[in-house]
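Q: Sequence:
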Amino acid sequence: MATQAKSDFAHDGAPGHGARHVAIIMDGNGRWAKKRFLPRIAGHRAGVEAVRKVARAAHELGLECLTLYAFSSENWKRPASEVADLMGLLRRFIESDLDEFHANGVRLRVIGNYRALDASLVDMIDGAVARTAGNSGPIVAIALNYGAQDELVRAAQAIALRVRAGEVDPAAISLEDVAAGLDTADLPPLDLLIRTSGEQRLSNFMLWQAAYAELYFTDTLWPDFDARALAKALDAFRLRDRRFGGL
Numbered sequence: 001m002a003t004q005a006k007s008d009f010a011h012d013g014a015p016g017h018g019a020r021h022v023a024i025i026m027d028g029n030g031r032w033a034k035k036r037f038l039p040r041i042a043g044h045r046a047g048v049e050a051v052r053k054v055a056r057a058a059h060e061l062g063l064e065c066l067t068l069y070a071f072s073s074e075n076w077k078r079p080a081s082e083v084a085d086l087m088g089l090l091r092r093f094i095e096s097d098l099d100e101f102h103a104n105g106v107r108l109r110v111i112g113n114y115r116a117l118d119a120s121l122v123d124m125i126d127g128a129v130a131r132t133a134g135n136s137g138p139i140v141a142i143a144l145n146y147g148a149q150d151e152l153v154r155a156a157q158a159i160a161l162r163v164r165a166g167e168v169d170p171a172a173i174s175l176e177d178v179a180a181g182l183d184t185a186d187l188p189p190l191d192l193l194i195r196t197s198g199e200q201r202l203s204n205f206m207l208w209q210a211a212y213a214e215l216y217f218t219d220t221l222w223p224d225f226d227a228r229a230l231a232k233a234l235d236a237f238r239l240r241d242r243r244f245g246g247l
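So the sequence shown is numbered by this note's numbering: it starts at 1 and just counts up by one.
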């Protein structure tokens with residue numbers, strides 16, 4: 001695992017930044033490639049290498065969960081060739097990195113409607129999740145075919161079915177009931193949401209979970225985001241005054 005950011009640990013080994021769950025909108029692969037006069041797929045390949053670096057750093061920095069926005073429900077609007085390239089990179093990532101994840105105790109999770117993907121890829125994802133399910137280390141959650149609005153609709157539909165079955169009184173539906181129906185129900189609360197590349201919007205990512213998360217925007221393009229950049233974001237998080245609506 002990477003060691004660049006060990007200075008961010010408290011003396012007793014606990015993370016001094018205080019964050020448990022960090023999510024990242026990994027943006028800028030295309031612009032990274034364009035600046036270098038390379039095809040977009042080269043940017044996506046460099047982005048996969050950044051995933052490796054940041055996942056290792058997240059472990060070293062003591063995070064319980066790292067969630068990465070890999071493919072949104074809107075990304076289907078991209079050219080078919082680019083979508084195929086992204087799915088191919090996902091397959092190769094699982095094939096090449098699963099052993100390392102498993103050896104380091106990482107639990108792989110997937111959020112989003114990933115079962116709409118190609119059946120062979122779904123089988124590969126399910127196998128990877130099952131293989132790491134018994135690990136006790138940090139969680140790496142990959143958002144695939146994920147959209148927060150779709151997630152909320154699915155949660156509402158699940159509650160509606162419970163109401164129709166007489167299991168829930170509509171007047172008694174709570175925040176906890178909605179949260180329990182989200183893809184992230186068993187993940188730690190989101191503390192920090194990072195977006196790379198200079199864009200400053202959530203792009204339909206973790207809208208419910210980000211209600212009181214701290215937001216951190218950086219001009220760094222995703223392929224250039226590394227352990228040092230993650231440590232810098234966590235250092236900024238450490239200095240935030242989180243009041244959750246109170247004084």
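Incorrect hints may appear among the rest.
To be verified - Have a look at the derived ranges for each label pair, beta carbon to beta carbon:
{"id": "1", "residue 1": "GLY88", "residue 2": "ALA211", "range": "45 to 55 Å"}
{"id": "2", "residue 1": "ASP177", "residue 2": "ASP150", "range": "12 to 22 Å"}
{"id": "3", "residue 1": "GLU95", "residue 2": "VAL178", "range": "18 to 28 Å"}
{"id": "4", "residue 1": "LYS35", "residue 2": "LEU175", "range": "39 to 49 Å"}
{"id": "5", "residue 1": "ASP177", "residue 2": "ARG131", "range": "47 to 57 Å"}
{"id": "6", "residue 1": "ASP99", "residue 2": "ALA171", "range": "27 to 37 Å"}
{"id": "7", "residue 1": "GLU199", "residue 2": "VAL83", "range": "49 to 59 Å"}
{"id": "8", "residue 1": "LEU239", "residue 2": "ARG164", "range": "27 to 37 Å"}
{"id": "9", "residue 1": "ASP241", "residue 2": "TRP76", "range": "37 to 47 Å"}
{"id": "10", "residue 1": "VAL129", "residue 2": "ALA172", "range": "27 to 37 Å"}
{"id": "11", "residue 1": "VAL178", "residue 2": "ASP224", "range": "31 to 41 Å"}
{"id": "12", "residue 1": "ARG31", "residue 2": "LEU161", "range": "37 to 47 Å"}
{"id": "13", "residue 1": "ILE173", "residue 2": "ASN135", "range": "26 to 36 Å"}
To be verified - List of simulated lysine to aspartate or glutamate pairs, DMTMM-like, C-alpha gap at most 25 Å:
{"id": "14", "residue 1": "LYS53", "residue 2": "ASP85"}
{"id": "15", "residue 1": "LYS34", "residue 2": "ASP186"}
{"id": "16", "residue 1": "LYS34", "residue 2": "ASP226"}
Note that these hints are calculated values from the structure, not bench results.
Beta carbons: idealized from backbone N, C-alpha and C, even for Gly.
Q: Take the hints in turn and mark each one as holding or not.
A: These are the hints, each one checked on the structure:
no.: 1; hint: GLY88 x ALA211: 45 to 55 Å; result: 35 Å, violated
no.: 2; hint: ASP177 x ASP150: 12 to 22 Å; result: 18 Å, holds
no.: 3; hint: GLU95 x VAL178: 18 to 28 Å; result: 37 Å, violated
no.: 4; hint: LYS35 x LEU175: 39 to 49 Å; result: 44 Å, holds
no.: 5; hint: ASP177 x ARG131: 47 to 57 Å; result: 32 Å, violated
no.: 6; hint: ASP99 x ALA171: 27 to 37 Å; result: 51 Å, violated
no.: 7; hint: GLU199 x VAL83: 49 to 59 Å; result: 21 Å, violated
no.: 8; hint: LEU239 x ARG164: 27 to 37 Å; result: 48 Å, violated
no.: 9; hint: ASP241 x TRP76: 37 to 47 Å; result: 40 Å, holds
no.: 10; hint: VAL129 x ALA172: 27 to 37 Å; result: 33 Å, holds
no.: 11; hint: VAL178 x ASP224: 31 to 41 Å; result: 37 Å, holds
no.: 12; hint: ARG31 x LEU161: 37 to 47 Å; result: 43 Å, holds
no.: 13; hint: ILE173 x ASN135: 26 to 36 Å; result: 34 Å, holds
no.: 14; hint: LYS53 x ASP85; result: 21 Å, holds
no.: 15; hint: LYS34 x ASP186; result: 39 Å, violated
no.: 16; hint: LYS34 x ASP226; result: 20 Å, holds
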